[in-house]
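*Asks:* Sequence:
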Amino acid sequence: VQIRSDAGSGDGDPGGRSGARTAVGGPPGTGGASPATGSESPSPSATPTDVAPVPETLPGGGTQIFPYYRVVAHYGSPVSERLGLLGVGSPDAAAAEVLARTEEYTGEGLRPVLPAMHLIATLASDAPGNEGLYNFRLSEEDLLAYAEASRDAGALLILDIQPGRADFLSEVQRYEELLLQPHVGIALDPEWHVDEDEAPGDVVGTVDAAEIREVAEYLARIIREHALPQKLFIVHQFRDSMITNRDAILTPPELALVIDIDGVGPRSIKLPKYDELTAGIDRYYVGIKLYTNSETDILQPDEVLDLLPRPDVVIYQ
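Residue 383, in the numbering used here, is where the sequence shown stops; the numbers in between run on with no holes.
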């Protein structure tokens, strides 16, 4: 398998994915300048009150994730090692494992890698719980520990939402204090988003573009009000029915929207499904999830980088 050149601003796709919405702020080293201008110096007549607040930066520098970086993540929860790699060891040890993984995607001509800890913050449950929402949440202590470990490691923290019977926006809003940190983003998992007469695990859930848009607008407002860098915003999908009206998803430029193709299975199933669900996906960025235990023929890094469209996000569970 040949690794195609990653040189430039996006895997041989200059300027990034066609039609994808991107935030203001250039690559690391440009001081937030756009690639087109190379400078954002204020005009000679500008006064301090005319200048917008200097935004926070991403762990690797700059204010925009794509097309300058590739994100490589480990997924899981301290609730159980069965939920993924982040459940193994302490938060600091888990962060070190993510950093080691990024080396597999580092090399001449490749985009710089942003490591990420993909933490299930709201977990779906087969029991209704005190609120009748069929979910439960990590403790504040655990959340803060992973936020600190990821920040200290120079990694992103992605809060994964499995809402059960709750709506996505209500669950995301519970984490607003964490979302004020520049390295914290959100992932929505429609598989675990069910109707009020259903239970997670009994059916594969779904989400409509309108609900995704509500979350996107909420996150964008936080970013604007607090001068934060672009946030990663992931929606998982392994069936067409999991996201209804997908073509109607419009995300603000403050967000990097990724459709993560997260089905598990042998290559004979996984690769055709990747092709199917990424067809016509030029408006969004693309992710893929790999399963280290259950996929005996797991794709190797050079094979991942040979996929078309080439993944912007690679998640290991």
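Derived from the structure by calculation, the hints contain no laboratory data.
Don't take every hint at face value.
Label-pair ranges, simulated between beta-carbon atoms [claimed, not checked]: (1) Asp368 x Gly346: 18 to 28 angstroms; (2) Val145 x Ala166: 15 to 25 angstroms; (3) Ala276 x Glu174: 38 to 48 angstroms; (4) Arg287 x Pro332: 36 to 46 angstroms; (5) Ala265 x Val145: 13 to 23 angstroms; (6) Leu210 x Glu264: 28 to 38 angstroms; (7) Glu280 x Thr362: 38 to 48 angstroms; (8) Ala193 x Arg305: 21 to 31 angstroms; (9) Glu197 x Glu369: 36 to 46 angstroms; (10) Asn311 x Ala162: 35 to 45 angstroms; (11) Asn311 x Asp192: 49 to 59 angstroms.
From a predicted model like this one, the values you see are computed outputs, not experimental measurements.
Yeah, the Cβ is synthetic: ideal placement off N, Cα and C, and Gly gets one too.
*Asks:* Indicate whether the distance between the beta carbons of Val145 and Ala166 respects the range 15 to 25 angstroms.
*Replies:* holds, 23 angstroms
*Asks:* Per the hint of 36 to 46 angstroms, is the separation of the Cβ atoms of Arg287 and Pro332 within bounds?
*Replies:* holds, 43 angstroms
*Asks:* Given a hint of 13 to 23 angstroms, does the C-beta separation of Ala265 and Val145 actually sit inside it?
*Replies:* About 18 angstroms separates the Cβ atoms of Ala265 and Val145, which means 13 to 23 angstroms holds.
*Asks:* So the hint says 18 to 28 angstroms: do the beta-carbon atoms of Asp368 and Gly346 match that?
*Replies:* holds, 26 angstroms
*Asks:* Falls inside 21 to 31 angstroms, the C-beta gap from Ala193 to Arg305?
*Replies:* holds, 25 angstroms
*Asks:* Could one say that the CB atoms of Asn311 and Asp192 fall in the range 49 to 59 angstroms?
*Replies:* violated, 29 angstroms
*Asks:* Take a look at whether the Cβ-Cβ distance between Leu210 and Glu264 falls inside 28 to 38 angstroms.
*Replies:* Given range 28 to 38 angstroms: holds, Cβ gap about 33 angstroms.
*Asks:* Go ahead and decide if the range 35 to 45 angstroms is satisfied by the Cβ distance of Asn311 to Ala162.
*Replies:* holds, 41 angstroms
*Asks:* At the C-beta level, are Glu280 and Thr362 separated by a distance inside 38 to 48 angstroms?
*Replies:* With a Cβ separation near 40 angstroms, Glu280 and Thr362 satisfy 38 to 48 angstroms, so the hint holds.
*Asks:* Return holds or violated for the Cβ distance of Glu197 and Glu369 against the range 36 to 46 angstroms.
*Replies:* Hint holds: Cβ distance 43 angstroms, inside 36 to 46 angstroms.
*Asks:* Assuming the hint says 38 to 48 angstroms, is it satisfied by the Cβ distance from Ala276 to Glu174 or not?
*Replies:* holds, 44 angstroms
Going through the hint list in order, the structure does not satisfy hint 11, though it satisfies all others.
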